[in-house]
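Asks: All chains should be modelled from the sequences, with the hints used to inform the complete structure.
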Amino acid sequence: QVQLVESGGGLVQAGGSLRLSCVASGSILRIADMGWYRQAPGKQRELVAVIASWGDTNVGDSVKGRFTISRENAQNTVSLQMNSLKPEDTAVYYCNAKIVNGSRFWGQGTQVTVSS
Numbered sequence: 001q002v003q004l005v006e007s008g009g010g011l012v013q014a015g016g017s018l019r020l021s022c023v024a025s026g027s028i029l030r031i032a033d034m035g036w037y038r039q040a041p042g043k044q045r046e047l048v049a050v051i052a053s054w055g056d057t058n059v060g061d062s063v064k065g066r067f068t069i070s071r072e073n074a075q076n077t078v079s080l081q082m083n084s085l086k087p088e089d090t091a092v093y094y095c096n097a098k099i100v101n102g103s104r105f106w107g108q109g110t111q112v113t114v115s116s
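Heads up: the sequence shown at position 73 corresponds to 73 in the numbering used here, and the numbers run straight through without jumps.
No lab work stands behind these hints, which were simulated from the structure alone.
No residue lacks a Cβ here, since even glycine has one placed at the ideal position from N, Cα and C.
Take the hints with a grain of salt, since some may be wrong.
[As the list claims (entries may be wrong)] The following label-pair restraints were derived from C-beta to C-beta distances: (1) S115 x D56: 29 to 39 Å; (2) S116 x W54: 22 to 32 Å; (3) V100 x S17: 10 to 20 Å; (4) G42 x A74: 36 to 46 Å; (5) L29 x E88: 16 to 26 Å; (6) A14 x G60: 16 to 26 Å; (7) L29 x S115: 33 to 43 Å; (8) Q13 x N73: 28 to 38 Å; (9) G16 x N101: 34 to 44 Å.
[Claimed, not checked] Calculated lysine-lysine pairs in the DSBU-like style (CA-CA distance at most 35 Å, straight line): (10) K86 x K98; (11) K98 x K43; (12) K64 x K98; (13) K86 x K43; (14) K64 x K43; (15) K86 x K64.
Replies: Here you go:
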């Protein structure tokens with residue numbers, strides 16, 4: 001089992017920045033990928049960015065060039081730096097960890113609201 005705790009959400013004006021962080025605990029040695037997904041009201045959950053333990057990243061098209069994902073393996077932490085935020089980035093952001101057998105674990109979510 002892996003437990004994930006997110007922090008850093010909030011309200012920001014369009015064009016502003018926020019940084020999300022997620023700390024993992026539990027079976028951390030089994031974690032392969034860590035990343036962020038988001039879900040806006042009435043929409044499906046979508047990939048924001050994911051990073052493998054060796055550093056390869058996959059970033060969603062809608063946030064490329066604006067969001068940066070990073071990972072500190074020694075601290076079991078994954079962060080998401082969000083710049084040039086847009087109202088359409090408003091969503092609940094969820095931290096995700098995938099362990100080596102393919103099982104996924106989710107954080108409780110943190111709200112990001114971007115005002116126009």
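Asks: Which earlier hints turn out false for this structure, listed by number in ascending order?
Replies: Per hint list: 2, 3 and 5 violated.
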